[in-house]
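J.: Add chain B to chain A, keeping to what the hints say.
Number of protein chains: 2
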Amino acid sequence: MKIITTINELQQTMKVHKKSQQTIGFVPTMGFLHEGHLKLMQEARSQNEIMIISIFVNPLQFGENEDFDSYPRNMERDSQLAKEAGADYIFAPSVNEMYKDEPSVTVKVEKRTDVLCGKSRAGHFDGVATVLTKLFNLVGPDRAYFGMKDAQQVAVVSGLISDFHFPVELVPIQTVREEDGLAKSSRNVYLSAEERKQAPHLYKALQTGREMMLKGEKSAETVIESVTSYLSAHTDGVIDYVEIYSYPELKALAELKGEVILAIAVKFTKARLIDNITIDLNDKE
Amino acid sequence: MKIITTINELQQTMKVHKKSQQTIGFVPTMGFLHEGHLKLMQEARSQNEIMIISIFVNPLQFGENEDFDSYPRNMERDSQLAKEAGADYIFAPSVNEMYKDEPSVTVKVEKRTDVLCGKSRAGHFDGVATVLTKLFNLVGPDRAYFGMKDAQQVAVVSGLISDFHFPVELVPIQTVREEDGLAKSSRNVYLSAEERKQAPHLYKALQTGREMMLKGEKSAETVIESVTSYLSAHTDGVIDYVEIYSYPELKALAELKGEVILAIAVKFTKARLIDNITIDLNDKE
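Protein chains in written order, with our numbering: chain A, 2 to 286; chain B, 2 to 286.
Next comes chain A alone, as it looks inside the complex (with noise of 0.2 angstroms):
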């Protein structure tokens, strides 16, 4: 595995890939890699034949309150994790060697942003799909991988490679999960004893809004409602959000129906936990 740490090395490394016609799987992050990212590289390992990935803390992904300087990073540990799973070459380049200059374009997101945790973070998602746009032009992936776990920001890359026909196929990668259903998170951490025990039951939460779907309710609201209630019940930690949209393109649905998020943010003490479902309701008519 090679570490790579500038454009131009990239270039000319890719070219020769692209150039004997390899396919290339590429799982985009901002390094401190957890299971989830490990699960990204597994898929991204198995279906080509070149797998990088880049670790990049990205300044313009993160608002001017944002932990841009805290951000966690571990280079050394990363690029063991990334070896051990498979990687050919990992991309970290310096935030200098990504934006020489103040930035002459940006990518502006105009949907798909103002719903779930993207409300509270104006701008955050401008900035995802700027450094993606850069990223996916100078990796030249055939398939890029992203976790559900974030289902909003696959939502709007997926908005992205569409509406800008970037020729890559976005492969989402479903959330790893503790047995008890807890989706892993580097925040479960900060959570209490007490907590800890409580925290599965957002997955159960989310479960018993698929089941209300599934047996055919049709009302957003009341599935909402019977979610919250739900989670109210169950922990103590403070609801932030119930939200349900048609996927990926984030729409408050009048009757539920096609594809949808079930999506949910709790605050606890010293973390504040997500967690989501997709459903497919297109059979269910």
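Derived by calculation from the structure, the hints in this document are not laboratory data. Backbone N, C-alpha and C fix where the C-beta goes; we use that ideal spot for every residue, glycine too. Any given hint could turn out to be false.
[Stated by the list, open to error] Keeping only pairs whose Cα atoms sit at most 30 angstroms apart, straight-line, the calculated DSSO-like set for lysine-lysine is:
no., chain 1, residue 1, chain 2, residue 2
1, B, Lys150, B, Lys109
2, A, Lys3, B, Lys19
3, A, Lys101, B, Lys112
[Claimed, not checked] If you only want the chain A side, here are some residues facing chain B, beta carbon under 7 angstroms, derived:
no., residue
4, Pro104
5, Val108
6, Thr134
7, Asn138
8, Leu139
9, Leu161
[Said to hold, decoys possible] Computed far set for chain B versus chain A, every beta-carbon distance over 10 angstroms:
no., residue
10, Tyr72
11, Glu85
12, Thr223
T.: Same frame as chain A, but now just chain B:
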């Protein structure tokens, strides 16, 4: 020569050429082809194995009071001209094919737009950059050809390609001129006989500026005053602007050096003419 109207057919077609590693030259246009376009096509034809032009009047780059509906179109004549110029393909999609829904992502041009013609055309270059991002990804050209008559557009495209790392070489083509120096433009027919006699003085005014700079004049203001005086003395047109910037950054220059652009716009009775020259002052220090 083949006319392609759907994104799907374009993608399938270009995939074949990419796979056989043929070089692709691309000339994006809004149609109603004139001699400027012919020059672009000739260059693209001579430098690449495949030559493709697009004809698409892009609604995103027209302002609310601009003439999207009345913009001239003549597909029959255009396809004849493209064929004669040796084009392999014309990509001529409908608006609905290019923008099925309201865009969920667009490109925002952050720099190089608040000068020259861009000042009075808010959002114009966002529309240009957005459609080019789509077209670059669809066509996958090795080289893209743009006329220097619209030098600001070339500057914006240069920023788009370098910031987003498109694997495309930008080939700027010098302005085609009448024998008397007047830049060719479909708008020249709107000049009165007297105005047509005066119009070559636009290029002569630019030459005046060029000579001053080559002789060592370091003040943009002095050159601008001189070019403005020349225009006032030799034409009845209303001077819209005479401006000098670094090129392609389009930044104001305290001292004239490096690559610079001198650009002018003059309003005659029924036609607003623009012209420009770029000058490399790097050896003149």
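J.: If a hint holds in the structure, say so; if it doesn't, say that too.
T.: For each hint, the structure was consulted:
no. : hint                : verdict
1   : Lys150/B - Lys109/B : 23 angstroms, holds
2   : Lys3/A - Lys19/B    : 27 angstroms, holds
3   : Lys101/A - Lys112/B : 14 angstroms, holds
4   : Pro104              : 6 angstroms, holds
5   : Val108              : 6 angstroms, holds
6   : Thr134              : 5 angstroms, holds
7   : Asn138              : 4 angstroms, holds
8   : Leu139              : 5 angstroms, holds
9   : Leu161              : 5 angstroms, holds
10  : Tyr72               : 23 angstroms, holds
11  : Glu85               : 29 angstroms, holds
12  : Thr223              : 29 angstroms, holds
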